[in-house]
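Read top to bottom, the protein sequences are chains E and L. Sequence positions in the first sequence follow the working numbering and run 1 to 300. Sequence positions in the second sequence follow the working numbering and run 301 to 658.
Be a bit skeptical, because a hint or two may be false.
Stated by the list, open to error - Interface residues of chain E toward chain L, partial, derived using beta-carbon atoms under 10 Å: (1) L97; (2) E148; (3) L191; (4) S201; (5) T222; (6) Y256; (7) L281.
As the list claims (entries may be wrong) - Distance windows between CB atoms, simulated: (8) L:S408 with E:A106: 44 to 50 Å; (9) E:W203 with L:E417: 54 to 60 Å; (10) E:W115 with L:A482: 58 to 64 Å; (11) E:R11 with L:S483: 37 to 43 Å; (12) E:W115 with L:G438: 51 to 57 Å; (13) L:E417 with E:R11: 52 to 58 Å.
Hints in this document: simulated from the structure, not taken from any laboratory. Think of the CB as a built atom: it goes at the ideal place given N, C-alpha and C, for glycine as much as any other residue.
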Amino acid sequence: MSSTLETRERRTGWLLLAPALILLALVYAYPIARSLWLSLFNQNLGTELQPVFTGLDNYVRMSGDGRFWQSILNTSVFTVASVLIELVIGMGIALVLNQSFPGRGAIRTIAILPWALPTALIGTTWAWIFNDQAGIVNDILLRLGLIETGINWLGNPLPALLSVIVADVWKTTPFISILLLAGLQSIPGDLYEAHAIDGASPWQSFRQITLPLLMPQILVATLFRFAQAFGIFDLIQVMTSGGPGGATETVSIYIYATVMRYLDFGYGAALVVVTFVVLVLVMAIAAFFLSKVRAATGDR
Amino acid sequence: MAKLELIHLNKTYTPKVIPVKDLTLSVEDHEFLTLLGPSGCGKSTTLRMIAGLEQPTRGEVRIGGQDVSRKSAGDRNIAMVFQSYALYPHMSVYDNMASGLKLRKMPSGEIRSRIEEVSRFLGLKDLLDRRPGKLSGGQRQRVALGRALVRQPDVFLLDEPLSNLDALLREQVRAELKQIFASQATPVVYVTHDQTEAMTLSSQVALLNDGYLQQLASPKQIYSQPANRFVAGFIGSPQMNLLELPCRENYALLGNSKIPLPTSFAPPPHVVLGIRPEHARIARPEEAITVTGTIILVEHLGMSNLVSLRVAGSESITVRALLSAEQSWQGNQITLAFPPEHTHWFHVETGDRLPDAE
Ligand SMILES: Nc1ncnc2c1ncn2[C@@H]1O[C@H](COP(=O)(O)OP(=O)(O)OP(=O)(O)O)[C@@H](O)[C@H]1O
Ligand SMILES: [Mg+2]
């Protein structure tokens, strides 16, 4: 009896999953498979855009492609820096918004605004903010006497990378703080009261109660933001287009240039495949690592 | 070890919300004080002020003669059991109990021995590695209790610790609590709105209403000599009969009956007569002072019957009597006697108890 019930339940489960699985297959599996296939061909202006089977040539070419490795490095620096900063600031904002004070509702709404704005708009705005002639950042620094002459923010490698990180942090911190705020609100207040009676300082309560109980939300926010930041395209395209001299060129921007500007479809497909594999690997490692962290803090 | 004193304690949230208006009382070592009262009367607020989770608007909390009103909760060396238990969900039972000791930098060897002792005592030995989420309600309650006991605090505070247990378990844990705290030389303040808990556990009961202390006395006294009409009506189940009656000479008129007033106070124009249902009994034929009434409702409670009567010669006065099963009657009329030693008299306006006869 129970086994038939179980099989029936399992069948219902698969039935319910089917639409999502089909959708995933169409949206994810097919493009990936197609890219994999395409990456085995040479299809560019040199072949007059006709596919010529070349096996793994594209991958061999990639291993010696300095621009590719530079873009991987840029992407990694951008991802790690922006996600870390966003987590720290997002946590701070979430902690503040979790307190009760007059006008909290209005401030919560305002805080989410940057997340709701179109990225292209944000990119343009920040490009102006960091503009070397008319930008407000230089203006403020000059007035404060911190610099003698305006910095060409978007025209120098390191400042350019810094600028896009700042813009990305500004845009996506609200997302993290809202996610963390939801988590904070699910922690019962009497745990903090019990902990205070146990003799804990606010900082100890943060470490021993808030952080471990917030770990699921931190985990989700990190993984989600990691995937997003690793594929960053629009913000950087608008602000620097990957410049100067490829200093802010991320993998997505390089792929875009390869396919859309150089019309090198075969090589572009190979880049997509490798990026995909890197992303999946890093995500898997991060997920594993973070769940270990969670278990460790949880067991304490 | 440390006497607990509350001195003119007041908590004002807003001018309209003043759950504790002026509360003065003290709890000695070995004493088990219960704060009892209807919902919203300020019991939890009082407890939270003792704990340091709430700052009193006026007044002082003293522990061992020291004013701790300005001290943080962690510096007061009190332990509290929450109604929700407030167990740390991500920590094992052991770590839940160890938390307060670790934070106070106690050597881990001593922590271990204390937890072992308490967990043996509470039957938690096999649960030490589990998380609270994998425990039953009764086990969680015990862990919360254990977390307080290992602390060996100056004062124990418990806020309705049994209210989340089912009736059977509550009775069992109630008995255990009595044993546990009898062995502690520390003042205990226990909040409940369950009068059975208050009566069975406490050495002293503080009955609160409307932010004021109504009576502070032993359970026995609070039952036999309620200080006012509110206390009389609140304590005891079924509720005491409280009858507002006119007086003639030195009698109170209850329907056709004349109940003699005690000589200890001058007869007022009106008076409130109180008699507990369990103290009213069927009158013997030779008795002179009796009350007759028509039965309007009989509730069978097993060992006894709760009988509601409409008093003869009155329009609306009903009296309830709890008659043991042996006391039987015929027809739908009953004549009751109110033993004078169990009769209470209260002032009509102030509700205060009028002096007892010697
Ligand atoms: N933080 C607060 N702000 C404003 N009013 C409050 C606050 N906490 C409690 N009150 C009010 O104070 C009054 C007393 O509350 P308290 O929790 O002490 O009642 P209680 O006697 O414990 O009741 P119960 O038996 O229902 O637990 C209530 O009217 C409540 O609404
Ligand atoms: Mg309460």
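Okay, the hints, checked on the actual structure:
Checking E:L97 against chain L: minimum C-beta separation of about 23 Å lies over 10 Å; hint violated. A least Cβ separation of about 50 Å between E:E148 and chain L goes past the 10 Å threshold, and the interface hint is therefore violated. For the restraint placing E:L191 at the interface with chain L, the shortest Cβ-Cβ distance is roughly 6 Å, inside the 10 Å limit, so the hint holds. The restraint placing E:S201 at the interface with chain L holds, with a minimum CB-CB distance near 8 Å, inside the 10 Å limit.
Hint on E:T222 is violated. Least Cβ distance to chain L is approximately 19 Å, over the 10 Å limit. Checking E:Y256 against chain L: minimum C-beta separation of about 44 Å lies over 10 Å; hint violated. Interface hint status for E:L281: violated, as the beta-carbon distance to the closest one in chain L is roughly 30 Å, over 10 Å. About 49 Å separates the C-beta atoms of L:S408 and E:A106, a value consistent with the hinted range of 44 to 50 Å.
A C-beta distance of roughly 31 Å is found between E:W203 and L:E417, which places it outside the suggested range of 54 to 60 Å. For E:W115 paired with L:A482, a C-beta distance near 59 Å keeps the hint of 58 to 64 Å intact. Checked against the given bound of 37 to 43 Å, the beta carbons of E:R11 and L:S483, roughly 60 Å apart, lie outside it. The hinted window of 51 to 57 Å between E:W115 and L:G438 is violated, with their beta carbons roughly 46 Å apart.
Between L:E417 and E:R11 the beta carbons are some 55 Å apart, a value that agrees with the proposed interval 52 to 58 Å.
Comparing the model with each numbered hint stated earlier shows that hints 1, 2, 5, 6, 7, 9, 11, 12 do not hold.
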